[in-house]
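Per the working numbering, the sequence shown starts with residue 1, numbered consecutively.
These aren't lab readings, by the way, just hints derived from the structure by calculation. Where is the CB? At the ideal position from N, CA and C, for every residue including glycine. Some hints here could point you the wrong way.
Restricting the straight-line Cα-Cα distance to at most 27 Å, the calculated cross-link-like pairs of lysine-lysine (DSS-like) are [said to hold, decoys possible]:
| no. | residue 1 | residue 2 |
| --- | --- | --- |
| 1 | K241 | K122 |
| 2 | K241 | K58 |
| 3 | K210 | K226 |
| 4 | K13 | K113 |
| 5 | K108 | K64 |
| 6 | K252 | K210 |
| 7 | K58 | K113 |
Beta-carbon label-pair distances, calculated as ranges [what the hints assert, rightly or not]:
| no. | residue 1 | residue 2 | range |
| --- | --- | --- | --- |
| 8 | D240 | A80 | 36 to 44 Å |
| 9 | L154 | A97 | 20 to 28 Å |
| 10 | Q8 | H298 | 34 to 42 Å |
| 11 | V185 | K265 | 32 to 40 Å |
| 12 | Q61 | E254 | 28 to 36 Å |
| 13 | G111 | G219 | 40 to 48 Å |
| 14 | A129 | E11 | 22 to 30 Å |
| 15 | K122 | L154 | 39 to 47 Å |
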Amino acid sequence: MLNNTITQLFEIKYPLIQAGMIWCSGWELASAVSNAGGLGIIGAGSMYPAILEDQLIKCQQATKQPFAVNIPLLYPDIAAHMALIIKHQVPIVFTSAGNPKTWTQHLKSHGIKVVHVVSSSKFAQKAEAAGVDAVVAEGFEAGGHNGREETTTLCLIPLVRQAVNIPVIAAGGIATGKAMLAAMVLGADGVQIGTRFVASDESSSHIKFKKKVVSSTEGDTMLALKKLVAVRLLKNNFYDKVATAEANGAEKAELALLLGRGRAKKGMFEGDMEEGELEIGQISALVNTIKPAAEIVHEIITEYYEAKKALCKIKDF
1 MLNNTITQLF EIKYPLIQAG MIWCSGWELA SAVSNAGGLG IIGAGSMYPA
51 ILEDQLIKCQ QATKQPFAVN IPLLYPDIAA HMALIIKHQV PIVFTSAGNP
101 KTWTQHLKSH GIKVVHVVSS SKFAQKAEAA GVDAVVAEGF EAGGHNGREE
151 TTTLCLIPLV RQAVNIPVIA AGGIATGKAM LAAMVLGADG VQIGTRFVAS
201 DESSSHIKFK KKVVSSTEGD TMLALKKLVA VRLLKNNFYD KVATAEANGA
251 EKAELALLLG RGRAKKGMFE GDMEEGELEI GQISALVNTI KPAAEIVHEI
301 ITEYYEAKKA LCKIKDF
């Protein structure tokens, strides 16, 4: 057991959090990670309220351990989601893509712990001022929606650690125990991992997407749509169209038209590997197998301890 501020805050065994990814992290994945000792998260950003409620009920039936829900604050029917979270007594909420002041105190008044995702030390300080219990500092390497500043995790974690007094969770480019140890040496209290759990048996993403993730190689992902909403994507026909449009100076309206509606669902959930939006992190190049989530958690924690032990044996020159 790794006992620190994150394990105490969330009442979990390991300071390892599975990211709440749209179309990829439903109740099956969240409960499996929580049962394995980490913190599983349901990604509610792609769910209608009725679907979220069904997911919450099933997750509570599948695990007696704490789990969380991730909600992008720009979600159009967010009040309904928040009401369901309170109704079903979800213990932890991760917020992203918006102002944490909007809902943090409301959630905390119901005894819910709140964590906000940030991409800079400036936003980390604003989240702390809003009263959140912890922040996820997500580097440029991460999949999905990303910071326009392109600050890497290696730089971001010590900057955020220096800027705030609340617990810091590192995210972006982390898929192994060695990376977990490195992040914690830099000042993180725990890690959030997304890409590695996309390639799990319990992930709700389409099998074609999982197979494309594990077959990807170095350089197969790029940050795109920075004028609209920065997102890291696997290269495919849709990405090529975006890259061409951006090279030709496309503005926000043109990019929004190209993106359209339901593009992420089309790719990650329905399995269209050419015209769908395929959100994934750079570390996908290091992910080569699809495994049960519990096995992934075990491998990461085992490697963490092995790396820590090996590091302690290194002597100064």
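Item to check | Cβ separation of V185 and K265, checked against the hinted range 32 to 40 Å | outcome: Check passed, 38 Å falls within 32 to 40 Å.
Next on the checklist: For the hint 34 to 42 Å, verify it against the beta carbon of Q8 and that of H298.
Outcome noted: 22 Å, violated
Checklist entry - Within a Cα-Cα threshold of 27 Å, do K241 and K58 meet the stated pairing? => result The hint is violated at about 39 Å.
Item to check | Beta-carbon spacing of D240 to A80 - inside the hinted bounds 36 to 44 Å or not | outcome: 37 Å, holds
Checklist entry - Given the hinted pair K108 and K64, is their alpha-carbon gap at most 27 Å? => result Status holds; Cα separation ~21 Å.
Checklist entry - Is the distance from the Cβ of L154 to the Cβ of A97 consistent with 20 to 28 Å? => result Between L154 and A97, where Cβ atoms are some 23 Å apart, the hint holds.
Item to check | Pair hint K58 and K113, alpha-carbon separation not exceeding 27 Å | outcome: 21 Å, holds
Checklist entry - Has the given pair, K241 with K122, been kept, meaning a C-alpha gap of at most 27 Å? => result Given pair K241, K122 is violated - Cα atoms ~33 Å apart, limit 27 Å.
Next on the checklist: Hinted pair, alpha-carbon criterion (27 Å max): K252, K210. Please report holds or violated.
Outcome noted: 30 Å, violated
Next on the checklist: Can you confirm whether the C-alpha distance between K210 and K226 stays at or below 27 Å?
Outcome noted: 25 Å, holds
Checklist entry - Falls inside 22 to 30 Å, the C-beta gap from A129 to E11? => result Because 26 Å falls inside the window, the suggested range holds.
Checklist entry - Taking the CB of Q61 and the CB of E254, does the distance hold inside 28 to 36 Å? => result Violated, since Q61 and E254 (Cβ atoms, about 46 Å apart) do not stay within the stated range.
Violation of the numbered hints given earlier is confined to hints 1, 2, 6, 10, 12, 15; the remaining hints are satisfied by the structure.
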